[in-house]
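Below, each chain spelled out in residue letters.
Protein chains: 2
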Amino acid sequence: MDLTETRIASERIYEGRILNLRRDRVRLPDGHEASREVVEHPGAVAIIALDNDKNIYLVRQYRYPIERVTLEIPAGKLDSGEEPLTCAQRELAEEVGLAAAEWKPLLTFYSTPGFSNEIMHLFLATGLRSHREKADDDEFLEIVRVPLAEAAAMALRGAIQDAKSIAGIMAATCILQA
Amino acid sequence: MDLTETRIASERIYEGRILNLRRDRVRLPDGHEASREVVEHPGAVAIIALDNDKNIYLVRQYRYPIERVTLEIPAGKLDSGEEPLTCAQRELAEEVGLAAAEWKPLLTFYSTPGFSNEIMHLFLATGLRSHREKADDDEFLEIVRVPLAEAAAMALRGAIQDAKSIAGIMAATCILQA
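For the record, the sequence lines run as chains A and B.
In case it helps, the working numbering puts the first sequence at residues 1 to 178.
In case it helps, the working numbering puts the second sequence at residues 1001 to 1178.
A hint or two may mislead.
Unchecked claim - Short, incomplete list of chain A residues facing chain B, as computed with Cβ under 8 Å: (1) 4; (2) 38; (3) 42; (4) 142; (5) 146; (6) 149; (7) 150; (8) 152; (9) 166; (10) 175.
It should be emphasised that the hints constitute simulated quantities derived from the structure, not laboratory data.
Positions of the beta carbon are idealized from the N, C-alpha and C atoms, including for glycine.
If we strip away everything but chain A, and leave its shape as in the complex, we get (with noise of 0.2 Å):
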């Protein structure tokens, strides 16, 4: 069955700083028609960065969308044109203020794939050396460093509770574990 879903309008309602929105009509595969919200998004990346000691680097933030401070993997939003391995080489040393002579491609993946493009690029970083650059001004944020076994256990028990970050968390798991 092709479950095509195909374009007909499309109306421009908000462009934003980290996001736009809009709202097509579209043909569904039986030929009646819906309506689409999509918010469009740059694309990000995260970051499993794993020292000699199988420790990982966390970060804890404010997150105003759930008005709660969670426990995240590195990531942040792509620049304009920006790649996705520049942009995680610069979001680990403005975050957590580190370089890693390793960056090895893990798993792409869509955050929500229900109403928003969002891209998500998520690597592993080893070989890590202090390398600080300067962070957003409206960044504040702790870095937590934790075993990954351990960050694999907080992802179970609920005290990681970003997609992006269990994804990432369990599957580094997963691969290293190989």
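Start from chain A and add chain B according to the hints.
For chain B alone, coordinates are given in the frame of chain A:
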């Protein structure tokens, strides 16, 4: 350090079918101001539906925002006032045509806390039997049954690229092995 950001002002930009958008002015921990774009979402459920032979059910569907067909675990939005478990039971019946004797909450997480409040309630459903309910008129999907271990391998090799599905499949794999 207190990381909290406090709302100063809020502007409603869009009230839609599956999401709303607002833009807030906030006070940062250092006293400066910043703007925050927030996609309001009613929350959702997702289901690891595991049969007696350790197969799980995946849904193949077209995701308009990313213009791709994806493989995901069954999932759906909460109706207004709906309990997550009720929603999960409804979605499993509508999307996969199954009911479950046992329901267990596995994880609760945020899909993309940087710009949305969407919360995802993940359940493990076992003791499966046929139970078809009528699906949404604008949903077209195909059901795929695969061994849980194969689903985990698919996530790791990029054949499943949906964050909640990767998080759920990897977490269920770990929990069921323990």
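(request) Give me the numbers of the hints this structure contradicts, sorted from smallest to largest. (result) Of the numbered hints given earlier, those the structure breaks are 3, 5, 6 and 7, listed in rising order.
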